[in-house]
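Visitor: The chain contents come next:
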Amino acid sequence: MKIINEMRLEVESRSVNESFARVTVSAFAAQLDPTVEELSDIKTAVSEAVTNCIVHAYPNVMGKIYIYAAILTDNTVRVRVRDRGCGIANVAQAMEPLFTTLAGERAGLGFAVMESFMDSVKVRSRVGRGTAVTLEKKVSGKTDG
Amino acid sequence: MPVKINTNSGKTIAYLSGEIDHHNAWPLREAIDNELRRLRPGTLRMDFGGVSFMDSSGVGLVMGRYKTLSAYGGRLELMNVPAQIYKVMKLSGIEKIAKIYRKDVNKGEDNQ
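From first to last, the protein sequence lines are chains A and B. Mapping the first sequence onto this note's numbering, position 5 (from 1) lands on 5, and the numbers just tick up by one. Mapping the second sequence onto this note's numbering, position 91 (from 1) lands on 91, and the numbers just tick up by one.
No lab work stands behind these hints, which were simulated from the structure alone. Keep in mind the model is a prediction, meaning the values are calculated, not measured. Cβ coordinates follow ideal geometry from the N, Cα and C atoms, glycine included. Hints are not guaranteed to be accurate.
[Unchecked claim] What follows is a list of derived Cβ distance ranges for each label pair:
| # | chain 1 | residue 1 | chain 2 | residue 2 | range |
| --- | --- | --- | --- | --- | --- |
| 1 | B | 27 | A | 99 | 24 to 32 Å |
| 2 | B | 38 | A | 128 | 15 to 23 Å |
| 3 | A | 14 | B | 99 | 31 to 39 Å |
| 4 | A | 3 | B | 70 | 44 to 52 Å |
| 5 | A | 120 | B | 37 | 43 to 51 Å |
| 6 | B | 72 | A | 120 | 40 to 48 Å |
Just chain A, same shape as in the assembly:
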């Protein structure tokens, strides 16, 4: 599939940027004319991925979050959320619903939401180097035919 359009966004791992990132990506995805539900699925998944960077990748430090989004020829939205944080030792475990390394009020549902709301979720991670989460969703949209 060829890329029609792409964008990059780099933000600091401040929690106030969670809404900025998800709104920016969904505004970019809006050019495919997705349904309201598809757009909020993308928004929610991006919010989870970015929150993971802030909460887990950079727990006590400020770091950069690199967001890339692309529109593919088959109406797919691809979003990659990458950090240079602590990395995940056991990705399979981290992706299990309700698994969380943090006490308090993290529900442990971030990856479960991403997997349920997007068509595919790929995670690459190296301890001490960082994590990249790639999300894809094909949008039904209202194509001109």
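Using the hints provided, position chain B relative to the given structure of chain A.
Guide: Leaving out everything else, chain B in the frame of chain A:
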């Protein structure tokens, strides 16, 4: 503060508004917990009618309040839950611990 809280005859209603994510869940939690600690209502009703977005941080917010309530036998109700939020809640199994009334689905509730 994106929450208005009032308590009447043993029932606390928290009208939430805006977006609930990791960034802004904390002040909501503090405000609701203050009321619960002070008055120990039999029922907490969280009203999502004014909430435009919620991710799994909102699930944490609901689960946390449920823990506070169930410690003394209180009940939890979730009202006017919009479709996007309902989808997130369904994933979490929240319906096992609280009654969920969906926005624009249940008759007889305020749908605003």
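Visitor: Hint by hint, note whether the structure agrees.
Guide: Now for the hints, and whether the structure bears them out:
no.	hint	verdict
1	B:27 x A:99: 24 to 32 Å	holds (27 Å)
2	B:38 x A:128: 15 to 23 Å	violated (46 Å)
3	A:14 x B:99: 31 to 39 Å	holds (36 Å)
4	A:3 x B:70: 44 to 52 Å	holds (50 Å)
5	A:120 x B:37: 43 to 51 Å	holds (44 Å)
6	B:72 x A:120: 40 to 48 Å	holds (44 Å)
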